[in-house]
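Residue numbers (the numbering used here), protein chains in the order written: chain P, 2 to 262; chain C, 2 to 262; chain E, 2 to 262; chain S, 2 to 262.
Treat the hints as calculated values from the structure; they're not laboratory data. Please note that a few of the clues may not be correct.
In silico PhoX-like pairs for lysine-lysine, Cα to Cα no more than 20 Å straight-line [to be verified]:
#: 1; chain 1: P; residue 1: Lys165; chain 2: C; residue 2: Lys206
#: 2; chain 1: S; residue 1: Lys185; chain 2: E; residue 2: Lys4
#: 3; chain 1: P; residue 1: Lys165; chain 2: P; residue 2: Lys206
#: 4; chain 1: E; residue 1: Lys4; chain 2: S; residue 2: Lys189
#: 5; chain 1: P; residue 1: Lys4; chain 2: C; residue 2: Lys4
#: 6; chain 1: P; residue 1: Lys185; chain 2: C; residue 2: Lys149
#: 7; chain 1: S; residue 1: Lys165; chain 2: C; residue 2: Lys206
#: 8; chain 1: P; residue 1: Lys189; chain 2: C; residue 2: Lys4
#: 9; chain 1: E; residue 1: Lys189; chain 2: S; residue 2: Lys165
#: 10; chain 1: E; residue 1: Lys4; chain 2: S; residue 2: Lys4
Examples of chain S residues toward chain E, derived with CB under 10 Å [to be verified]:
#: 11; residue: Thr152
#: 12; residue: Ile155
#: 13; residue: Asp166
With beta-carbon atoms standing in for the labels, derived distance ranges [stated by the list, open to error]:
#: 14; chain 1: S; residue 1: Val233; chain 2: P; residue 2: Ala209; range: 53 to 59 Å
#: 15; chain 1: E; residue 1: Ile241; chain 2: P; residue 2: Met235; range: 25 to 31 Å
#: 16; chain 1: C; residue 1: Glu214; chain 2: P; residue 2: Gly234; range: 15 to 21 Å
#: 17; chain 1: C; residue 1: His182; chain 2: S; residue 2: Thr33; range: 57 to 63 Å
#: 18; chain 1: P; residue 1: Arg18; chain 2: C; residue 2: Glu214; range: 21 to 27 Å
#: 19; chain 1: C; residue 1: Met56; chain 2: E; residue 2: Val44; range: 54 to 60 Å
#: 20; chain 1: P; residue 1: Asn131; chain 2: C; residue 2: Lys149; range: 41 to 47 Å
#: 21; chain 1: E; residue 1: Glu214; chain 2: C; residue 2: Lys212; range: 32 to 38 Å
#: 22; chain 1: S; residue 1: Thr122; chain 2: P; residue 2: Lys212; range: 56 to 62 Å
#: 23; chain 1: C; residue 1: Lys149; chain 2: P; residue 2: Asp58; range: 43 to 49 Å
#: 24; chain 1: P; residue 1: Ala209; chain 2: S; residue 2: Val44; range: 19 to 25 Å
#: 25; chain 1: C; residue 1: Glu186; chain 2: P; residue 2: Lys165; range: 29 to 35 Å
#: 26; chain 1: P; residue 1: Gly234; chain 2: E; residue 2: Pro132; range: 58 to 64 Å
#: 27; chain 1: C; residue 1: Trp21; chain 2: E; residue 2: Pro132; range: 48 to 54 Å
Beta carbons are placed, not taken as given, at the ideal position from N, Cα and C, and that holds for glycine.
4 protein chains.
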Amino acid sequence: MNKIAEDSYVLVYRDRRRRWLVKPKDTPKLHTHLGILDMTALVGQDFGVNVTTTMGDELTVLEPTIEDLVMKLSRKTQVIYPKDLGLMAVKLGVRSGSRIIETGTGSGATTALMAYLVQPTGMVYTYDINPEFQEVAKKNIERVGLSKYVTFKIGDSRLGFEEKDMDAGILDVGDPWEVVHSMKEALKPSGPMAAVTPTTNQAEKLVAKMKEEGFVAVESLEILLRHLEARVGMTRPSNIMVGHTAYLNFGRKTLPPAAPS
Amino acid sequence: MNKIAEDSYVLVYRDRRRRWLVKPKDTPKLHTHLGILDMTALVGQDFGVNVTTTMGDELTVLEPTIEDLVMKLSRKTQVIYPKDLGLMAVKLGVRSGSRIIETGTGSGATTALMAYLVQPTGMVYTYDINPEFQEVAKKNIERVGLSKYVTFKIGDSRLGFEEKDMDAGILDVGDPWEVVHSMKEALKPSGPMAAVTPTTNQAEKLVAKMKEEGFVAVESLEILLRHLEARVGMTRPSNIMVGHTAYLNFGRKTLPPAAPS
Amino acid sequence: MNKIAEDSYVLVYRDRRRRWLVKPKDTPKLHTHLGILDMTALVGQDFGVNVTTTMGDELTVLEPTIEDLVMKLSRKTQVIYPKDLGLMAVKLGVRSGSRIIETGTGSGATTALMAYLVQPTGMVYTYDINPEFQEVAKKNIERVGLSKYVTFKIGDSRLGFEEKDMDAGILDVGDPWEVVHSMKEALKPSGPMAAVTPTTNQAEKLVAKMKEEGFVAVESLEILLRHLEARVGMTRPSNIMVGHTAYLNFGRKTLPPAAPS
Amino acid sequence: MNKIAEDSYVLVYRDRRRRWLVKPKDTPKLHTHLGILDMTALVGQDFGVNVTTTMGDELTVLEPTIEDLVMKLSRKTQVIYPKDLGLMAVKLGVRSGSRIIETGTGSGATTALMAYLVQPTGMVYTYDINPEFQEVAKKNIERVGLSKYVTFKIGDSRLGFEEKDMDAGILDVGDPWEVVHSMKEALKPSGPMAAVTPTTNQAEKLVAKMKEEGFVAVESLEILLRHLEARVGMTRPSNIMVGHTAYLNFGRKTLPPAAPS
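If we strip away everything but chain P, and leave its shape as in the complex, we get (with noise of 0.2 Å):
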């Protein structure tokens, strides 16, 4: 069941710079500057073997994982990362069944994992107020074979999402504190929302606003993430180092005050 299909995601590997991508059905041949793959071939194989490309490179055919196809979605905005989509999903407590909210939806790259983790019986509802953005986000769900988990609106988040009782909410828009509101309203009582600000004035802002409207638990944290170049006798940490994606501010829904226990 493992198996390379007419119509899989295939990885062609040869190391952290060198990968493409595609499926056999696009690409009969991968034409690389390693030499030439005849993808075709590879149907019906399994997934992990080592081939040798026209021009004697040995290169590796991987099974994407979602990673992969992530950071494919993402590489035109180049905002999400792994590194912060997996806190988000860790801080959210999104799993199978989960109901999520989501705006602006972006290129999907962050609709496309928390699809992947509420399959099969969970939902992401994504709004954009941008048709044509949405449009291109879409087709990359279709792509990725996750288009079931995922429910596309249109729409000016900050007037309110038709949802109500989502288990939590991703806010990666420009102007997030205009739209902690509606998040309010759509959340679960006590449910955990994330917000992706690149800005430290973005941050600032989303903060006071989030406790304003009642969250507690707020916090922003950054997330460095760095490579060791782990090789016997000459380990050292890469000299090649993203200094900056965004900040990550998380927060829960509170309800007014009960009365004295």
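Place chains C, E and S on chain P using the hints.
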């Protein structure tokens, strides 16, 4: 359905440092230095309510997320953090239905997160060489209601796992290089593995062994998390920060070279 | 000539956390929880000796470096760290003979390092608006023997400095943007300035003002320092780490545009 | 006295990436893609002037700081950065009059900064095993006008230094542990040393050797520098960042145990 029950874990929250994770059944009266909270009176109320202690202090009663539960479990060993677990989950592609192999069980913190993500149809097979240690983990997992998705096994994973064709694998032992071969045997072709190593020496030895066993896309990395104190007009990074938890190492199983295509 | 004198500062050292900076004259007997050390018996001995307390514990008697002295001075306000001071010194080009303008004096920690570097022919002119504050700094600087290289002044630096043609300048006040114009007037053409700002908001306001006043090569940055626990076979980064001290901001004064060449 | 001379190094500055370090004597016309700048016309003018190229582009003519000069020297080997040099200078207590021992000379970048700080009465004694390498450094140091404060020596520092009672020492060689004993012999009692090691393995071996040779206050650390893009309303850390330069290792020489006091 998001109501507080007798047997629910409840997160009583004041701030990042003052939080209590208890069940009304086990702790009918929660005694804190901020006063006493009548937990039984909360049963039947919504999660998310703000309540007042006998001393007039306001607390919020939250539904714990998987992060809250995992952090509670890991508190004794202090190794696994949500920032690390989140990235591991994404890079391993864990989702509903995944079959995960893990060694060692440790406190069960990693096991718990993975079980949470594979439910309701997946399974985490977790090995530990120490029966007493695993007994603690078993109780932890039971307490957080995830036992159905975990199979506990006592055994020396250096000698092999009983499972085959696992979707992903996790190594969290002191000598992970000794288990890489067993891991390879247990994984499905192209299946990803992750290993947690606190020291650079372990990462170095492990990575060499993984490459020797034919794993590709081998990488080691570390994640640094820093809080931002986002306050209007006086935003600054937190001066308190964890400097190191562990290096995370990743790779994917390959098959022996196929005949040239 | 490297002998311990009655009036020398002496660093009694056990480890990073247990260290005492005292003078034999003022502390003839050093009482520690590791036993008592007879400081007067050390007079005339070489710095660097290993000695034994009354309880049999071994300690080393070191000649304090300027870092030891500065860290002692800054302990009260906790803002300035050697990592920051070192880069500031390099970027400002401070050296023997330099004439430095500074505001505010604060605890005198920055002043002390700069005085140390400009000796024996340079001078640090340091302003503070608060006479009591500066009195403390004056004593600090005196105690570490650097008074000859410091001129203390009480005054509101927003209204201007009395000095002109300074080689470099340092701002460490809460509203540094208010002093940028004064700084420009006091600096020699092309002279570099540095400003220490704990918050992003301060850095933002300051940088805007510096550009407005014609400073070029304007940059803001922060420095993170992490220890490595280097131990044979078990090397790992320290898990204790300071997350933030301050943003350092730099720029260089320019002259009004010349006629086209 | 802060005038541009025929033989002055001049930093022609546009922004962080577009900067040229030249002398009017050697480069009478500076050709850039922003147009041509007549350098000889600048002679006699003040540093800090803003000038216009033949294409109408505005550039600033700055007096280079020691940082500018050092960065230019180190560009070839890419190892030493101001952030590292600054902390080393502070921790070694380098100042006017200091006598510093160094091996190896390398490109002379570290040598240059130390020479700059010890002037006019101190001296940097710098060893290299490779005469050709040192020839390059010698020219570099000459070019930046610091030759009077540097004594160049060819020799294998593993076999010992000719100097004694040095105030501080610097190791920047591939096998620093082989030179620790020589360093101890050359330092004054209590004298501090620093060693630059790119890998964790080197730090590990070095630190063990330093402790064995009786150095105390031994510590290893790394410095990360991140720029902040401080812009009104849209401040964020830079996404470009150097992930690693080297570990810095420090310690202080002690004397054999004295008789109990």
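Structure-based check of all given hints:
1. Lys165(P) / Lys206(C): The given pair, whose Cα atoms are some 51 Å apart, is violated under the 20 Å limit.
2. Lys185(S) / Lys4(E): Judged against 20 Å, a Cα distance of about 18 Å means the pair holds.
3. Lys165(P) / Lys206(P): Roughly 25 Å between the alpha carbons, so the hint for Lys165(P) and Lys206(P) is violated.
4. Lys4(E) / Lys189(S): Holds, at about 11 Å.
5. Lys4(P) / Lys4(C): violated (45 Å)
6. Lys185(P) / Lys149(C): With Cα atoms ~33 Å apart, Lys185(P) and Lys149(C) exceed 20 Å; violated.
7. Lys165(S) / Lys206(C): violated (42 Å)
8. Lys189(P) / Lys4(C): Holds: Lys189(P) and Lys4(C) sit about 11 Å apart, inside 20 Å.
9. Lys189(E) / Lys165(S): Answer violated: Lys189(E) to Lys165(S) is near 40 Å, above 20 Å.
10. Lys4(E) / Lys4(S): violated (45 Å)
11. Thr152: violated (18 Å)
12. Ile155: Interface hint status for Ile155(S): violated (28 Å vs cutoff 10 Å).
13. Asp166: holds (8 Å)
14. Val233(S) / Ala209(P): 53 to 59 Å: violated (18 Å)
15. Ile241(E) / Met235(P): 25 to 31 Å: Check passed, 27 Å falls within 25 to 31 Å.
16. Glu214(C) / Gly234(P): 15 to 21 Å: holds (20 Å)
17. His182(C) / Thr33(S): 57 to 63 Å: holds (59 Å)
18. Arg18(P) / Glu214(C): 21 to 27 Å: Since the Cβ atoms of Arg18(P) and Glu214(C) sit about 23 Å apart, the hinted range of 21 to 27 Å holds.
19. Met56(C) / Val44(E): 54 to 60 Å: Holds - the Cβ-Cβ distance for Met56(C) and Val44(E), about 58 Å, lies within 54 to 60 Å.
20. Asn131(P) / Lys149(C): 41 to 47 Å: For Lys149(C) against Asn131(P), whose Cβ atoms are near 43 Å apart, the range 41 to 47 Å holds.
21. Glu214(E) / Lys212(C): 32 to 38 Å: The hint (32 to 38 Å, Cβ to Cβ) is violated, given that Glu214(E) and Lys212(C) are roughly 56 Å apart.
22. Thr122(S) / Lys212(P): 56 to 62 Å: The hinted range 56 to 62 Å holds for Thr122(S) and Lys212(P), with Cβ atoms some 59 Å apart.
23. Lys149(C) / Asp58(P): 43 to 49 Å: holds (47 Å)
24. Ala209(P) / Val44(S): 19 to 25 Å: violated (56 Å)
25. Glu186(C) / Lys165(P): 29 to 35 Å: violated (49 Å)
26. Gly234(P) / Pro132(E): 58 to 64 Å: Taking Cβ atoms as reference, Gly234(P) and Pro132(E) lie about 59 Å apart, which means the hint holds.
27. Trp21(C) / Pro132(E): 48 to 54 Å: Holds: the Cβ-Cβ distance is about 49 Å, inside 48 to 54 Å.
Of the hints listed earlier, those the structure fails to meet are numbers 1, 3, 5, 6, 7, 9, 10, 11, 12, 14, 21, 24 and 25, in rising order.
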